[in-house]
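2 protein chains.
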Amino acid sequence: MANAKKVEQITGMDTDFAQWFTDVVTRAELIGYSGVKGFFIMRPYGYAIWENIQGELDRRFKELGHENVSMPLLIPESLLQKEKDHVAGFAPECAWVTFGGAEELEERLCIRPTSETLFCDHWAQTVRSWRDLPKLYNQWCSVLRWEKTTRPFLRHREFLWQEGHTLHATAEEAIAETETMLNVYAETYENLLAMPTLKGAKTDKEKFAGAEVTYTVECMMHDGKALQSCTSHYFGDGFTKAFDITFTDKNNQLVNPFQTSWGFSTRSIGGIIMTHGDDNGLVLPPRVAPTQVVIIPVAAHKPGVLDKANELWERLKKAGLRVKVDDSDNSPGWKFAEHEMRGVPLRVEIGPKDIEAGKCVAVRRVDGEKIEIALDELEARVPAILDDIHALMFAKAKLNLDTNTRSAVTLGDAKAIIAEHGGFIKTAWCGDEACELAMKEQVGVSSRCIPFEQEHIADTCPVCGKPAHKTVVWGVAY
Amino acid sequence: MANAKKVEQITGMDTDFAQWFTDVVTRAELIGYSGVKGFFIMRPYGYAIWENIQGELDRRFKELGHENVSMPLLIPESLLQKEKDHVAGFAPECAWVTFGGAEELEERLCIRPTSETLFCDHWAQTVRSWRDLPKLYNQWCSVLRWEKTTRPFLRHREFLWQEGHTLHATAEEAIAETETMLNVYAETYENLLAMPTLKGAKTDKEKFAGAEVTYTVECMMHDGKALQSCTSHYFGDGFTKAFDITFTDKNNQLVNPFQTSWGFSTRSIGGIIMTHGDDNGLVLPPRVAPTQVVIIPVAAHKPGVLDKANELWERLKKAGLRVKVDDSDNSPGWKFAEHEMRGVPLRVEIGPKDIEAGKCVAVRRVDGEKIEIALDELEARVPAILDDIHALMFAKAKLNLDTNTRSAVTLGDAKAIIAEHGGFIKTAWCGDEACELAMKEQVGVSSRCIPFEQEHIADTCPVCGKPAHKTVVWGVAY
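Chain order of the listed sequences is E and S. The opening position of the first sequence corresponds to residue 1 in the numbering used here, with each subsequent residue numbered one higher. The opening position of the second sequence corresponds to residue 1 in the numbering used here, with each subsequent residue numbered one higher.
Isolated chain E, as found in the complex (with noise of 0.2 Å):
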């Protein structure tokens, strides 16, 4: 029965992964268009989920030290020109103030497509001693790119993020850091998102604009493409050195400081979807969802349902759970579709028999399975069982992932996985840029990181047959 598609208005997956997409977002009133392409508005149950996230985000970066800042929305044209690589990788995506009210200004500005530049500019003036150091900072915020194609979730113009930008006195405190912020945002995907990751560092033709290393969280997809998830950065001096940034040492040396930054966004919510969603609809992770648990009154003209099914409510309410009552008019067949379309992770049912049993039955919108429950066990039971769902939906999407990640070691393995599979393949590689760009004319795809986990794959690239040093994970990505 869970599985069976009930919901009329979602394309199936099968069918159509990208119009499913679409419907689910919509449907389950995650997103709202507004005039302007690639804006999307993010309605109250969509953000609800982007809040729930941020809250646990944002808890783990100030238990590692971190601080929120504001940083100006724009930036003028000359300060992003500092440093050249940068200004490279973004100009041809940014959005340009030309006016401020009647007065055509004298300098353009651009709306943030990342703050480093700004981070850096007020890092030059505050910062004079190791005294100083580290600057462990973060902001939430939204930032700009003139994206030609754009979708719900997976490309905005406009996203919502928060951008972590710290500043150190050695590289080696600043490597760390790059390292401690994937690994926060691989656990936060893995314990709050139930997505299993793959880590590793990004090939050079890869990294952001301006970093010396960037490590990247990437996801499969329930159709075995991958999802870039977040990336943290690691800039060496680079930007320090553009923007005069010194400080001075314990040795009372005149030096550079080491710079990072790492950003997580609401894309993660597009892979929630993409991961654990079905032909039914959403299907939430119990730690993130707006609603963790309906209840759903059977029979609720009878005398004492509707008084049982709010008592309920009370009870978890008062347990820390997230919890609504259904109580409108619709029937219960109408409200188990739309809630399950919705994505709530467990339903809990409560009609004059369950009562006068001193029981309600539990259903798990992740397998449909149900589960009776005791009145007087339900504030024990139910966050055990949350726990449960959580589990269940990691399980599956590891093995979704672990199953659809295969080895090649030619050309011809590599085409031919991709033709009949898709998903992800390892590789051996050269390194070189060439036999990269080779992989995705020829294979259509495109590498997703070089893994922190090395295996032995095969003795030489192959592309061009040299001898390899480096795995590398390949896929065709959002």
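Because the hints were derived from the structure by calculation, they are not lab data. It is possible that some hints are incorrect.
Put simply, identical chains are the same to the list, so a pair is met inside one copy or across any two.
[Said to hold, decoys possible] Keeping only pairs whose Cα atoms sit at most 25 Å apart, straight-line, the calculated DSS-like set for lysine-lysine is:
1. Lys207 to Lys426
2. Lys324 to Lys62
3. Lys317 to Lys135
4. Lys205 to Lys62
5. Lys324 to Lys135
6. Lys370 to Lys398
7. Lys82 to Lys37
8. Lys440 to Lys207
9. Lys205 to Lys440
10. Lys335 to Lys250
11. Lys135 to Lys335
12. Lys135 to Lys426
13. Lys302 to Lys335
14. Lys135 to Lys62
15. Lys82 to Lys318
16. Lys370 to Lys317
17. Lys353 to Lys250
Once you've looked at the hints, dock chain S against the given chain E.
For chain S alone, kept in the frame of chain E given last:
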């Protein structure tokens, strides 16, 4: 001692209040200047105050059933123009985006100065039936207004705020929402920021562009000037008609709903500074202070002192307080002055003799009062002392407001009072805009509000001598 001018870098309040204000926001590291006029950096200490305000307001909004959303940053010019009064009010101070990447846009886009038009556009697409109402939405974001004169916190070109936007089936319900939210704001000012409030309606001249009614919270600063501290607007069905938002009511009639909006911004932090600050710098209300208690070890090199300081820190942290130990190698005297300048509500000093006597000394920032606390009563006493501090700060500010609010029957009275004392004056008013303008020209004051609590000052307008039915409060505004 507490009122002696210890921190040399800060200009005296009586010497130059404006310069004092700038010194405080800079020296206390609340604000940084960016390369673009009117775009300020909220540094960690300033932003942390905002986060504490945000948390409290957000909780109040949600308890009243409001949901958070995120609307786009950019508004097409044609959308802004749909409501005629609104565009007339805001277009002159919009920042305009004219290029996306290298391409000139067909229609220019303004960076939101406020988001009524975006919410209305969304509702026109999504509201159909009385079942869809009310819509109780809020968003936390920044907005842009291209002001000529700018000052930290008080007048930014970009400022952080929340904007609530709601839609209702009836005018009564919308008016009640407008009032409720103004009361939530006033309660927050009083109970969180220790700032007494004057609540009332704006005159037609001063109301928000497009609103039928604007309610306001006005606060008096230390120098007797007024700060318009937040506003709440009732729009009637003006926008909903202009945007063609309709719904089918319970009688199956297609009608226009009624609308409100309300906003609270980082300007409130400017209000905190100018209400409570003194010649030694900031004085922060305990309920929003990033650090509520600073523990300063005295003779920290003596055995056991630092351990004891850390133990007290641990205990107060567990009690839910925001507390820090200053174990830097600066002298106690320097630390006292520094944390006073930063406005930390309570300083706890602990040295060898205190430890021996089983006590510590707590010093209140607001008045320098010293309080001995038995160490085993620490968790019980400190929260109560912080509540006392809040009450003291409120009382001090209330005295300033009451003392400097005076009644004037004639224009001569009004001129004399303002010339001699400044502050607020209350007069009768006939309701004519001409007389309002005359008050500005001849007395130098603008109307702050028509207070909810009306009292009888005179039978006739002090300007024209015609019968007056309203009492207005006037002042010089920031």
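Hint by hint, which ones does this structure get wrong, listed from lowest number up?
-> 4, 12, 15, 17
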